[in-house]
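K.L.:
With the hints as extra help, turn the sequences into a complete structure.
Number of protein chains: 2
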Amino acid sequence: MIYLDNAATTLKKPESVIDAVVSALRTMGNSSRGTHESSLATSRTVFETRMKIAEFFGARGPENVAFTMNSTEALNIAIRGLVREGDHVITTEMEHNSVLRPLYHLLKDKVISLSILKADKNGVIDPADISGLIRPNTRMLVTTHSSNLTGNMVDIAEVAEIAHENGLIYIVDASQTAGCKPIDVEKMGIDVLCFTGHKGLLGPQGTGGLVIGSRIAEAEEGSGSYLRPFKMGGTGVQSYSKLQPSELPTRLEAGTLNGHGIAGLDAALDFINEVGIDAIDKKEQSLMNRFLEGVRTIEGVTVYGDFGNPRTAIVSLNIWDWDSGQVSDILSMDYDIATRPGAHCAPLMHKALGTVSQGAVRFSFSYFNTEEEIDFAVKAVRDIAEDR
Amino acid sequence: MIYLDNAATTLKKPESVIDAVVSALRTMGNSSRGTHESSLATSRTVFETRMKIAEFFGARGPENVAFTMNSTEALNIAIRGLVREGDHVITTEMEHNSVLRPLYHLLKDKVISLSILKADKNGVIDPADISGLIRPNTRMLVTTHSSNLTGNMVDIAEVAEIAHENGLIYIVDASQTAGCKPIDVEKMGIDVLCFTGHKGLLGPQGTGGLVIGSRIAEAEEGSGSYLRPFKMGGTGVQSYSKLQPSELPTRLEAGTLNGHGIAGLDAALDFINEVGIDAIDKKEQSLMNRFLEGVRTIEGVTVYGDFGNPRTAIVSLNIWDWDSGQVSDILSMDYDIATRPGAHCAPLMHKALGTVSQGAVRFSFSYFNTEEEIDFAVKAVRDIAEDR
Chain A
-17 MIYLDNAATT LKKPESVIDA VVSALRTMGN SSRGTHESSL ATSRTVFETR
33 MKIAEFFGAR GPENVAFTMN STEALNIAIR GLVREGDHVI TTEMEHNSVL
83 RPLYHLLKDK VISLSILKAD KNGVIDPADI SGLIRPNTRM LVTTHSSNLT
133 GNMVDIAEVA EIAHENGLIY IVDASQTAGC KPIDVEKMGI DVLCFTGHKG
183 LLGPQGTGGL VIGSRIAEAE EGSGSYLRPF KMGGTGVQSY SKLQPSELPT
233 RLEAGTLNGH GIAGLDAALD FINEVGIDAI DKKEQSLMNR FLEGVRTIEG
283 VTVYGDFGNP RTAIVSLNIW DWDSGQVSDI LSMDYDIATR PGAHCAPLMH
333 KALGTVSQGA VRFSFSYFNT EEEIDFAVKA VRDIAEDR
Chain B
-17 MIYLDNAATT LKKPESVIDA VVSALRTMGN SSRGTHESSL ATSRTVFETR
33 MKIAEFFGAR GPENVAFTMN STEALNIAIR GLVREGDHVI TTEMEHNSVL
83 RPLYHLLKDK VISLSILKAD KNGVIDPADI SGLIRPNTRM LVTTHSSNLT
133 GNMVDIAEVA EIAHENGLIY IVDASQTAGC KPIDVEKMGI DVLCFTGHKG
183 LLGPQGTGGL VIGSRIAEAE EGSGSYLRPF KMGGTGVQSY SKLQPSELPT
233 RLEAGTLNGH GIAGLDAALD FINEVGIDAI DKKEQSLMNR FLEGVRTIEG
283 VTVYGDFGNP RTAIVSLNIW DWDSGQVSDI LSMDYDIATR PGAHCAPLMH
333 KALGTVSQGA VRFSFSYFNT EEEIDFAVKA VRDIAEDR
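Taken in order, these protein sequences are the chains called A and B. The opening position of the first sequence corresponds to residue -17 in the numbering used here, with each subsequent residue numbered one higher. The opening position of the second sequence corresponds to residue -17 in the numbering used here, with each subsequent residue numbered one higher.
I should point out that these hints are in silico values taken from the structure, not numbers from a laboratory. Don't take each hint at face value.
Identical copies look the same in the list; a pair holds intra-copy or inter-copy alike.
Claimed, not checked - Okay, derived cross-link-like pairs now, BS3-like style, lysine-lysine, Cα gap no bigger than 27 Å in a straight line:
no.: 1; residue 1: Lys361; residue 2: Lys265
no.: 2; residue 1: Lys92; residue 2: Lys224
no.: 3; residue 1: Lys333; residue 2: Lys224
no.: 4; residue 1: Lys103; residue 2: Lys34
P.N.:
This is the structure in structure tokens:
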């Protein structure tokens, strides 16, 4: 199989990730839940991974990293733990449902009011438009770092500047960029970065988390920037405290962590640091461009997005007016190429692009794909388009 | 190492669990996120595991099983998704912080009022005492199935009867019993069962979930028994619905599931079904009794709990008036025996048992422990107690 669905999950993981998970499954106790060697070793692995994540994303320290099951959970924690009743929130049409749905629920429950920044016909937003949406009670800005449909990126450093000039909290969804685009929360001015471990970070499913910028991390309980806990439960420390302890990262973690998955993520970070994020990005961009150059001139093929701007390694397209699900099925069944069709949990992007009913076939590339695979995929698209 | 901390996490997993996780790490796409083979195969694995969990716990169907990161998350979803403002909730002193803290937070936020059923000096509750706590606005009852400190069980079928006679919703924390004690949510009248995958179920960390009884599953949106969503986000289906879809289990799951972990849980369920839960329970009970008989007569040893009643394979003890952390350290360093000291996230149990400052050393047994390990542990306890 030629796997080109890496924006959903990277299928190929470094062998060291698999080895680390196997070793963890044979030796791991419960992190922070005992003083014997297998529990301590687990705590050490979790702590080391926190350190590496903190360093990787430019956080002040390991305590500013909290682990979750996935990026969606991280976004729920960040959004719902920071809004206050009566807040106005700004987001964009580029968002995934993991941002939109928590906000729509808060809107329905009359906790917040909401403005959604329009994207142009290529699905791109202009950060300069944000200022026009700011109201006196605007308190939070949530944007993706990159669209999971077109791959187009948001200049998060620019957005952060606008956010801070206006006293807004800025939450970034890095589901599509963590592991393949450099991010530094402190330098870029991000308040909370939400990431997943199983995509660009090349780790196991069931991993992800929040990287908390210093402004939020240092906020005192009761203050407007205090990130309230979302789940409460056992923490292995301060058992006699009735409430969830306020220290980070304990405040945001409850119950047994996915130690086995985190061990894999730890190894994945080592792999990425060894290869270098720039080398990974460069290879992915080269594969994406090779694919794009191959398909964009094929008669009947429409590609979506802005190809003049920074982007992650995604090309979404349609062939003629054919249903994207049907095209993806042909790619899978006749060519053994894995892509993703349909709506991609990004409803407003399909409205911007005019592909609500057709959906789009998404090709997304990873460091482990090869030029031969790309060439085969281009040929497949050409064959299908010509065969009408 | 002799690992006797199985109530925190089972260290030894069946080899088939490790094989299944490795295979998943090599082949798995993203469940419900594509139509190609690696995505479909993932969806199938997740669905099959849902089926097996449903069957294992007597649920009506696979849609009544929702996956979470752990039992704590499941309890947060169940408790916070079912309470309404002004409700009175009853729980017990036997609970873990995963039950107590979500309730204390709701109490602090003035959403609920709370009564806590007293345990006797052995840390056991009498279900008959529940009736005395019921008020006109009582709507929910939350109990553990078994104390994580003493191993003493709650007769959940009896509690369920009291709950339903009084129109209460009954939530059960099965963290200590799932996988080693038979549970049938429909026959026993449980409304929501919360389980973890990495303890008695012998699966990987990062797995767990809710098994939803038919009364809650069938409740219509807006009705008092409707379990509201806790996390919102991408679901791979109904992308154009602004709100989290109301169908189960989608309503309670958002973002990418821990497919790699669930594949391991799937294999773990096969192992348990093959060996038989009764055989597992019998062996664990036999190991526990062997240990108990060995240590209870040693001068200076105090064991905690009621040993005349049904229990999970846990023996918690102290030696003289020594700090439990110190004893656990000696066991680890001098004997290479892994136990757990301290407060065990069960603050009210320590109050009931009178061990708030001393804590207790917990020995917890698994199907994979051996009689030789037990005998060695008994000898270690004797040596330590005599060496004063």
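K.L.:
Check each numbered hint from earlier against the structure, then list the numbers of those it violates in ascending order.
P.N.:
Hint 4 contradicted; others consistent.
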